[in-house]
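Residue strings, one per chain:
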Amino acid sequence: DVKVTQSSRYLVKRTGEKVFLECVQDMDHENMFWYRQDPGLGLRLIYFSYDVKMKEKGDIPEGYSVSREKKERFSLILESASTNQTSMYLCASSRARGNQPQHFGDGTRLSIL
Amino acid sequence: GQQVMQIPQYQHVQEGEDFTTYCNSSTTLSNIQWYKQRPGGHPVFLIQLVKSGEVKKQKRLTFQFGEAKKNSSLHITATQTTDVGTYFCAGPRSSNTGKLIFGQGTTLQVKP
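For the protein sequence lines, the chains are A and B, in the order given.
Numbering-wise (the working numbering), the first sequence opens with residue 1 and increments by one.
Numbering-wise (the working numbering), the second sequence opens with residue 1 and increments by one.
No lab work stands behind these hints, which were simulated from the structure alone.
As the structure is a computational prediction, the values presented were derived from the model and not from experiment.
We put the beta carbon where it would ideally sit given N, CA and C, even for glycine.
Don't take every hint at face value.
[Claimed, not checked] Computed footprint of chain B on chain A, listed as stretches where at least three residues anywhere in the stretch have a Cβ under 8 angstroms from a Cβ of chain B:
id : region
1  : 36-43
2  : 47-56
3  : 98-112
Pulled out of the complex, with its shape left as it was, chain A reads as follows (with noise of 0.2 angstroms):
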């Protein structure tokens, strides 16, 4: 069974610090994934691997920065924390070939105060 696993279930910081979110997969998936989920607005993709040191922007990277040195580990890092980045943070893993179901942990709450 797939497990991805995120680094915290909850994480407070304060603005301005640096943040890192880390995820981790076991299934050898080529794909990773940050999503950031708010009520009313589903999931939200900030950043998009699709192998190591690669990288896509999703459709809201702006504060945001992602790193993949090694296949099952992508990070995501808040550069200078923000109380708008307040959020629930999920990450998720797939197969590259074809249209294959997303994996997710269970994700990191985050609040900035």
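Chain A is already provided as a structure; the job is to place chain B on it using the hints.
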């Protein structure tokens, strides 16, 4: 840009009543996926529909893909409290890189 819309946003039903959520895409989709997110949980893949007019069933859940492949529906017969959660539809983005575009979701509440 490409959009996927879901209605309704919220639905409250009495246990035993039926429930339907509708998904509409601004573009023709090669396939559509459905996910369920329980309260406090993460989205979990339910099913994928690929063919025009396709109908698939999972116990009390019936999924349909429209003839034009631009809309889909999920119908739950005789809801139970275990059906509570948010149901998302998702279609592949036009760039077809493995990225999905998700609808806003329909949150189902079931009163026992």
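Each hint tested on the structure:
{"no.": "1", "hint": "36-43", "result": "holds (count 4)"}
{"no.": "2", "hint": "47-56", "result": "holds (count 3)"}
{"no.": "3", "hint": "98-112", "result": "holds (count 9)"}
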